[in-house]
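Residue numbers (my numbering), protein chains in the order written: chain G, 91 to 381; chain Y, 91 to 381; chain S, 310 to 650; chain Z, 310 to 650.
Source of the hints: derived by calculation from the structure; they are not laboratory data. Quick caveat: nothing in here was measured; it's all calculated off a predicted structure. Where hints are given, some of them may not hold.
[Unchecked claim] Straight-line alpha carbon distances no greater than 20 Å define the calculated EDC-like cross-link-like pairs of lysine to aspartate or glutamate that follow:
#1 462/Z with 237/G
#2 462/S with 497/Z
#3 326/G with 480/S
#4 462/Z with 541/Z
#5 462/S with 237/Y
Each chain, letter by letter, is given below.
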Amino acid sequence: MLNWLRRPKYGSLERREMPAGIWAKCPRCRNLIYRKELERNLKVCPKCAYHHRLTAVERLEITLDENSFREYDAGLTSTDPLGFENYPAKLSEARAKTDQAEAVITGEGTIDGSQTIIGALDFHFMGGSMGSAVGEKVARAAERSYEQRLPLVIFSASGGARMQEGVLSLMQLAKTSAAIGRIHDAGLPYLSVMCDPTTGGVTASFAFLGDVILAEPGALIGFAGRRVIEQTIRRKLPDDFQTAEFCLQKGLIDMVVPRTEMRSALARLLAFVGAPRVLPAAIEPAPAAQP
Amino acid sequence: MLNWLRRPKYGSLERREMPAGIWAKCPRCRNLIYRKELERNLKVCPKCAYHHRLTAVERLEITLDENSFREYDAGLTSTDPLGFENYPAKLSEARAKTDQAEAVITGEGTIDGSQTIIGALDFHFMGGSMGSAVGEKVARAAERSYEQRLPLVIFSASGGARMQEGVLSLMQLAKTSAAIGRIHDAGLPYLSVMCDPTTGGVTASFAFLGDVILAEPGALIGFAGRRVIEQTIRRKLPDDFQTAEFCLQKGLIDMVVPRTEMRSALARLLAFVGAPRVLPAAIEPAPAAQP
Amino acid sequence: MTERTPSPAVDLDRQLADLEQEIERLRKRSREQSVSVDAELGPLLERADHLRVQIYTNPSPWHIVQLARQSQRPRLLDFVGTLCSDVMELHGDRLYRDDPALLAALARFEGQPVVVIGHNKGKDTKENIARNFGMPYPEGYRKALRAMRLAEKFRYPVISFVDTPGAYPGDEAEERGQAEAIARNIQEMSRLRVPLVVVITGEGGSGGALAIAVGDVVLMLQYAVYTVISPEGCAAILWHDASRARDAAEALKLTAQDLQTLGVVDEVLPEPFGGAHRDPDATFAAVREALGRHLQALREVPIEILLDRRYKKYRRMGRILEQSEQSAQSSQSPRPLAGDG
Amino acid sequence: MTERTPSPAVDLDRQLADLEQEIERLRKRSREQSVSVDAELGPLLERADHLRVQIYTNPSPWHIVQLARQSQRPRLLDFVGTLCSDVMELHGDRLYRDDPALLAALARFEGQPVVVIGHNKGKDTKENIARNFGMPYPEGYRKALRAMRLAEKFRYPVISFVDTPGAYPGDEAEERGQAEAIARNIQEMSRLRVPLVVVITGEGGSGGALAIAVGDVVLMLQYAVYTVISPEGCAAILWHDASRARDAAEALKLTAQDLQTLGVVDEVLPEPFGGAHRDPDATFAAVREALGRHLQALREVPIEILLDRRYKKYRRMGRILEQSEQSAQSSQSPRPLAGDG
Ligand SMILES: [Zn+2]
Ligand SMILES: [Zn+2]
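All chains, full assembly: derive it from the sequences and hints.
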């Protein structure tokens, strides 16, 4: 990974997305992979193509042009509006674990030179759940897209609404969808990328409202949980149920794109929809030498 | 039936919708019905509720307020643009049989006082097939709806496009759908009523574009023919396939309305969508007596 | 509200449940052994009545959940049948199926044309099976959207009645895009160009409720509930113990009163003592009055202003904290982050 | 054209078929009996070649039907792959399924962004089974409409490639609203707020073709066909004899030349001698040139004017007669009819 975006902020603990060590065991193929190789391969298993989950920071690092990112609303967090048992403690724990203030990072940057507003949810932060802060940051990102006439790209990775905020978390579905509605009205492009997992409230709002919907291979995508469905229909579901590939076949998403090709796919889409281009400094005309 | 609208025009032969005689045999329940009773019951079998097919004239008679109808484009007919074998002879035959110039009658009138533009296809005229003239009359009716800001009601009864006019008949799907599109743009109501049978090209154009779609009980409604489908899928289709009730369950139409209630259903819908009202003369205030 | 000991209200509720069990036990014994238990029974019955009054006077959230789910509670068709005239049901999404769990209709309210949508729960098992317990498939939501588009075309207001355990969690519903259907409705309702009034009459079950519950005005019956997850589901996830649903009901702040405080509900409509089913006419009257008043007011608002208000209303929902050291920078002027690599 | 005797072209075609049968018979005899038939075969082969030249020089409608259906004929992916760059396929209708019989894609044509839709026929049995022989279900048409809405949102032109025997005539297609899907597309294409160019490359099979064939400009390859019903179907209905398809092909006026005369097709694109598959590059070049020219011209037309032109274009299609005794009255001023009862 590129590491240009990582920074300590709530930095009390070391980063722990994967257990430490030189070797990592792939949870799908069970092979031991040299960790550096795995990182080089954007955390896609070189043996079986299993896509390990990424943090929001990692996602932005591998997507954006280096040092192009400017974060929005970094200090915006949820409160504990219901006085919900243990919620403040869980928030603190998530902040310590992820070095993030909340389950989404938003900002602006360039992808292969195309300017865009971008957001990435972080499943490592309370399961990427959407409370008031996640909803607010996504809505603000959409509004900035609207105001600045820039495309919007959102990577989703979420278990759904954050129940510790009760109906206020449900209202984030309305808040974010309304904000996305505005950018559609303005004819601005919105690309939604579904990563593993994208379920519940996030699917029932902004994640399924993209002009183009992309997904990573094997990502779990669905509204209701597998167990709830199996209890309801009293049958076992097939293994591929609610995978990205399943959703593609069911006509619900546009493309399944391997992580190693995602950046270029987004760049092509952004170029297609006419995102403003920022030329790299290197190819801007050099100032004439002063004699 | 009311008979107020019947008129000879191409009147070479007597009307022959049903074989003559005092008694009529119901094709569904096989009962012998006293013909006058059948007529009084709007040609719905009093024993089994089978809806006999109506001519366009009968349809308008039982739908519109008495003497409220003004016909449009009565003399508009198809030509024989392809020089298609036997087509002129078939047209003559259909005209003689139905006393109509073409397979649709269009005009304006009132339904329980609500002004509307109205059209009725006639299955007795070459299977209600849509050639250039049918398409033109429907499109003109839609344009009059647009120009006069009046609702549009169309009763369909058709086997589809009129193949004797080749691709020109196919183009009537585009012509009529484009005209319907204009009245939707203008926020005007269009009610589509599907009668037995409504199949082929008419379903793939104006018949399925209604704001509200009504159908008579038991009406056959579908795009492809039963025989073609059975040959394709190599299975027998269930008896109720492509009936109005089947389409209702499949979410394709809004209501199945018995013929005896159709006029009042349309009247309620027209009143709902705010069709201009024409008060019957009887209830208009009488001029003050001159002293 | 973070304590795990039951609240006084929940406590009353449990006492009543225990008492009712005891009463039933006594009566069973009386039947089986043909002995009189009146002497023992009398005080218990009295105590139970007393408890009921206490509970109805100040019902616990869990008790309100029970009231909201009450099988005798007025259903959609009761409301529509009483409050509306000239009802013409619309069927189907024009795509796949007509979903009987969700009703869409043209109707008149106080003589004015409106479009009515709502979750169509049944009153008995037979009705409920036919209407899937008021749990729509995607085609139900798509039918609702079609009806709302008609309302938009003809410029009639939409009245939406909410009463569902949730969107149906079945495999076919997933396959046909349950999430997409809900998201689409939420987005389209946020910008539908006619007034939208929502009445939450019973269970407001998560996304399946919200899919027809975005409105200029959201009304809620006193003993209805509206929640992001069922108390049972919440308890199962949080404490791995569905029986702690009472506690979850407390914690989730799902009552009308709580939701008004949180800014999610605009007005709470009072119910008769003991719940809407004890005096349906009073309930209908309250809904009729509020609907009439709000529709009247909304009709007078120019549509662009209405849409702007609606947008801002939902835009405001939630509680956030903008940390001072960062908010000045982040909110006004995005700043580049120092990379460490 | 009303005579039932075969036209000279059809006659040539039949002669060729008879000859080919005779040649095959001879060859089979030669193989089976190990005898030389060269002496007999030579003149027959020469005559067959001669006939082929005659036929290709002036093919009959029935022969053109065969050319349009030719398995080696360039398919959608050949056209898109050759004419477009940066192709990104879009999948699904967001409702039910992704239909492989219909392709929708973002792409660039001569560097400019366009949305491409088209019937996705295969070249061999395996491809054809996977893509249902280019016969879409309703979800195919709904995917196309979704792609066209994206084009409208981003203001890019739509290029539509037509090559289908027709919409799939299956029970499930009917159940999911095949007719509705086609009608919706036709209506929406008639008012889509971007330029629409259609290229009929192979079979233009009735409503299933028209569902993506409403355009500001409709181009048609020389040996493509476009018809309201297949010649076989027409013959079966008219004469109860599907083998009279040749006659039906004549009668239906389904060739590019005929359709241009009838005003349905705006421009016929020439094919190489013997058909597009004999020199695909020449075919692609012809399509590229025409597409480029028309897109360039359409881009310069203000959208309201374009929509008005498109409307009037379809509004004019067909041939009608307004009988003089009535047209003056009916067309200008509707008159009440004298009732007879
Ligand atoms: Zn692996
Ligand atoms: Zn009968």
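Status of each hint after checking the structure:
With a C-alpha separation of about 18 Å, the suggested pair residue 462/Z and residue 237/G falls inside the 20 Å cut-off, and the hint holds. For a cut-off of 20 Å, the pair hint linking residue 462/S to residue 497/Z stands: about 16 Å separates their Cα positions. Of the supplied pair hints, the one linking residue 326/G and residue 480/S holds, its CA atoms being roughly 10 Å apart against a limit of 20 Å. Proximity of residue 462/Z to residue 541/Z is assessed by CA-CA distance (about 41 Å); at most 20 Å being required, the pair is judged violated.
Proposed proximity of residue 462/S and residue 237/Y is supported: the alpha carbons are some 17 Å apart, at most 20 Å.
Checked against the numbered hints listed earlier, the structure breaks hint 4 alone; every other hint is satisfied.
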